[in-house]
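Chemist: Throw the hints in and build the complete structure from the sequences for me.
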Amino acid sequence: MSLHDSQPGPAAVVDARGLRCPLPVIRLAKRAQEAAPGEVIEVWATDPAAEADIPAWCRLRGQEFLGAHGGEHTAYRIRIVG
Amino acid sequence: MANSPSTASRDEPSRAFLDAVSGPLHPVAVQTLLAAVDAGWADPRRLHSEGRTARRLLDQAREVLAVGLGVGPQEVCFAPDGPAGLRLAVDGLLYAGRRRGARLVASAVEHSAVLVPARARAARSGDPAVLGTVPVDNLGRVDADDFADQVRRPGTVVAALQQANAEVGTIQPVAPVRAACRAADVPLVVDAQATLGRLTPPEGYDVLVGDARSWGGPGGVGVLVLPERTRWSLPGAVDPDESLTGPTRHTPWVPLALAAAEAWQQTQSERERDARTAFTLIEELRAAASRVPDVDVVGDPVDRLPHVLTVSALYADGEALVTALDRRGVAVASGSACTSSTLEPSHVLAAMGALTHGNIRVTLPLQAVSPARAEHVRRLAAALPEVVAEVRASLGARAL
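Protein chains in written order, with our numbering: chain E, 1 to 82; chain L, 1 to 400.
Source of the hints: derived by calculation from the structure; they are not laboratory data. Idealized CB from N, CA, C, for every residue including glycine. Hints are supplied without guarantee of correctness; some may be wrong.
What the hints assert, rightly or not - Cβ-to-Cβ under 8 Å is the rule here; a few derived chain L residues that face chain E:
#1 SER14
#2 PHE17
#3 ASP294
#4 ASP296
#5 ASP300
#6 LEU314
#7 TYR315
#8 ALA316
#9 SER336
#10 ALA337
#11 GLU344
#12 ALA350
#13 LEU400
Modeler: Pasting the structure below:
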């Protein structure tokens, strides 16, 4: 993770690179259980299904999807609402 | 060979087959197919009596489909299957319209046989505008005004829209889209691969595409309706057998065509009653699935195909769900990435913003094909909560 340590980032990163669906969403949900309202979580994923499933998880769970940016993996940002 | 093994597997009471996209065949069509293998095997181009018999049977099959679809027999053409028919439908309109442009407009949930070649054409031409994709709402439906806006753009020569989506069941607004296409002078392909035999066939189209499997017929019979007014042609030399093969240049094996026509006649007489009971069964299944915690029941609850249901379970994987249900004697499909050959999730679910993992899809067989389908649906409804819980537990996702 050293490559990303220097970047200004959110409070929490879930590294789900190389994991297949539904594991990235499960990791996100587990981390979200510990998160305080207002906290931002960033999920790193390479699974193409995450592109649909992370926004869908936010919709189903009433969390706020902030967006995604790509690169070698995609980073998805989620704000935990409650 | 003894015939008991195949008979036993057909009547096997313990299997609940709820993935009727590719069959099984309507039982009366099975009889017709077997009889036609004896009577209609010859090349219909030949002038001997065996050939003439095959020709007569092929003409009969075409006539049955033409009457059923309310068109002339010369307007009914064949293709190797529905997806191949869809590619032909688009190719023939693109070729006929090549002097006016090369642009195709389609919904984001159209069949891959429309979208994949269109994306390839756009990539090859270096012009992304060659494909106009109309987004869908979270029920999977296009907005007719959005579609109309896309169709009016310059260089548009083909539009394609499903009568209803085969994966999620949502019915599309074909009539207003067709009106917009007519106003813009753009021909519309209506993909009825999921609907023929289940809904009233569409009336407004420039090319209609179907697949005999949707009405209990065999695989290997795609049907195109090319009305005489439609400008449609393929590049290359005219087929010398065009009077037989029609403009699509495809002649099906005569026994298959005859079985397709038989299945059509059987299904049409029962269609409305069959659709009413299927609609109610899917309604029960929707209700049962929505009682399972964190399950996304996808698609329009009312304005939908009578026999299709897709649901996605959060924190579960589609492959494990399909396997666990199969072990309990219930066969279903899935649109999850882990169950596809490409490891990509269903483009339909993704376009709707629906959850793609933990997905299972039910396509009810016709009652005549599967007399015990109501019991099978109830078995799935009963198994679903425990199967979802079992798969979640195996992923360590029990209390999320």
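Chemist: Taking the hints in turn, state whether each one holds.
Modeler: The hints, checked one at a time:
no.: 1; hint: SER14; result: 30 Å, violated
no.: 2; hint: PHE17; result: 26 Å, violated
no.: 3; hint: ASP294; result: 7 Å, holds
no.: 4; hint: ASP296; result: 6 Å, holds
no.: 5; hint: ASP300; result: 17 Å, violated
no.: 6; hint: LEU314; result: 6 Å, holds
no.: 7; hint: TYR315; result: 5 Å, holds
no.: 8; hint: ALA316; result: 6 Å, holds
no.: 9; hint: SER336; result: 7 Å, holds
no.: 10; hint: ALA337; result: 4 Å, holds
no.: 11; hint: GLU344; result: 6 Å, holds
no.: 12; hint: ALA350; result: 4 Å, holds
no.: 13; hint: LEU400; result: 4 Å, holds
Checked against the numbered hints above, the structure violates hints 1, 2, 5; every other hint is satisfied.
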